[in-house]
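Peer 1: Protein chains in written order, with my numbering: chain A, 1 to 319; chain H, 1 to 319.
Please note that the accuracy of each hint is not assured.
Chain copies aren't distinguished; within one or between two, either way the pair holds.
No more than 30 Å apart at the CA atoms, straight line, and that leaves these computed lysine-lysine pairs for DSSO-like [claimed, not checked]:
1) K287 <-> K234
2) K161 <-> K183
3) K161 <-> K287
4) K183 <-> K107
5) K93 <-> K107
6) K2 <-> K114
7) K22 <-> K287
8) K161 <-> K2
9) K109 <-> K287
No lab work stands behind these hints, which were simulated from the structure alone. Just so we're clear, the structure is a prediction, and the values are computed from it rather than from any experiment.
2 protein chains.
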Amino acid sequence: MKVIITGGAGFLGQQLATALLKNRQGLNFEQLILADIQCPTSPIEDSRVSCVALDLTQQGAADTLIDAQTDVIFHLAAIVSSHAESDFDLGMKVNFESTRQLLEAVKAKNSAIKFIFTSSLAVFGGQLPDVITDLCVVNPQSSYGAQKAMCELMVNDYSRKGFVDGRVMRLPTISIRPGVPNKAASSFASGIIREPLNGIESVCPVSPDLALWLSSPETVVSNFIHAVNVPAEKFGQSRIVNLPGITVTVQEMIDSLRDVAGQETVNLIRFEPDDAINRIVASWPGKFDISRALNLGFRADGSFSDAIHSFITHHGRAK
Amino acid sequence: MKVIITGGAGFLGQQLATALLKNRQGLNFEQLILADIQCPTSPIEDSRVSCVALDLTQQGAADTLIDAQTDVIFHLAAIVSSHAESDFDLGMKVNFESTRQLLEAVKAKNSAIKFIFTSSLAVFGGQLPDVITDLCVVNPQSSYGAQKAMCELMVNDYSRKGFVDGRVMRLPTISIRPGVPNKAASSFASGIIREPLNGIESVCPVSPDLALWLSSPETVVSNFIHAVNVPAEKFGQSRIVNLPGITVTVQEMIDSLRDVAGQETVNLIRFEPDDAINRIVASWPGKFDISRALNLGFRADGSFSDAIHSFITHHGRAK
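Start from the sequences and build out the full structure, keeping to the hints where you can.
Peer 2: Pasting the structure below:
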């Protein structure tokens, strides 16, 4: 089996590569290609891995990546929400056009390829019911969400036509990411926990009342790998799955941080409203009906305190 | 005011041009451009009209059509549902890529342009509620529907960003179209009335129980022109409108035909199930909540019998 990860240098790409190489879920493969705009490095030294620098927005780039021997593509490459909002043209190129070219390459070379596409809860927005179901309208209020939603439709239709075997994973907001803040509007959802745990001040740009739909990176990566094994026919008339998450308000996140790390740590969070971020993040829903995802065998996180403990276990804590 | 109609040689393009030139709804303009892949002719001789042959799938074609003086574009150019299903690549080019290039040209030249985009009830499919509301998921089961749905998202996001002033009209199935059958999966919805009225046999490929969501061409054209006059802010967080229609089963259509034209005419209809057409058409919803459209000032048809009388008035009846 030959597996490709686009966005292989990114956080989720590296986590996914680690999980695959450690064979955490029994997906056996002979070759793993990590592709990104700057050449990734493998998180673990392993002869099965090769790393390539590739700009997927360039005409023909997808064709150089995919061949008839490819079995699975995890397409994680994207620019994040605030970046796509500030540079619309780049967002269309990276988030939409690259996906289209990958799908065209699959269609031309091997339509049996399983194409795991990472979408986002950012496809939702505007007037919404309290709980998002599979029958809920997609009405993105950001260019990132619009581009992801366009790709979802494409993956669905290419799959219906038999041009690819697509699986669309709509990700909750990922928390807690290790590392440093990024341009995602949701960057604070990791920052307000990660920075204080490391003794650093963190700015929260949204109200404590805001409800977020969260998943730990470990659970998301495990669900990515599970997506490969779901039989195509089980998806029915849509390849799109709202991945399981948990509903947590910013205040509840902070309360969990206090429980785990104490008030002194919580004192490092400063509230400083940012309208641009708030407008994007507040348009995302905070609660989902995940029965379909659970029926398909995807799994949910435990509590947010568990996520904090897991972060400390995996990434340590400066003191 | 300078107005462009793409698909200007098509049935709706010609009807719309006629309505505009006859000044039926008080839209004053100095210039009307009819564009199509083969050069249209104006339905009425009028010095304000110019006609151009233009393949909008060609790089740069949209740029030659649109200039800073353009005020309104009615983008009707498309290939129909069965055609987009049998030639996927052409559908992506004509139905999706052309729209994208038009939007890019508008963004570059004059973002105040009102862009009236014709979408379709074919964006709906799969598991659906009995009545479609504005909060209902889009899940197209045809490439035509998928391409239209992708364009809807684009028009919405370009509008949100202020790159265009878009208005997306989701059309019911149009009945009764004059002329000859086309490659639309819904072609029969006009054919089973039009052909018998002209003394010609017509094949109905679907069950008499099938409920259709219909609008007469006159009402759709009137709603197109109305769309220009709706203030942008009235659309709220989505530029998409499910245009008003009426719910009629195939049997009710035939009953209306009998009332208007007699049993002898009805005898010219022959049922011959066609799985390919049925699969597409049966995935479309038959009933909508149109309160939003009515609030925005769009109008609904009367009964289907009225539509038959109107067809006979406008297009006559062979005997």
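Peer 1: Hint by hint, note whether the structure agrees.
Peer 2: For each hint, the structure was consulted:
no. : hint          : result
1   : K287 <-> K234 : both (24 Å within a copy, 28 Å between copies)
2   : K161 <-> K183 : between (36 Å within a copy, 19 Å between copies)
3   : K161 <-> K287 : between (32 Å within a copy, 27 Å between copies)
4   : K183 <-> K107 : between (33 Å within a copy, 25 Å between copies)
5   : K93 <-> K107  : both (20 Å within a copy, 16 Å between copies)
6   : K2 <-> K114   : within (11 Å within a copy, 48 Å between copies)
7   : K22 <-> K287  : neither (33 Å within a copy, 52 Å between copies)
8   : K161 <-> K2   : within (23 Å within a copy, 40 Å between copies)
9   : K109 <-> K287 : neither (39 Å within a copy, 41 Å between copies)
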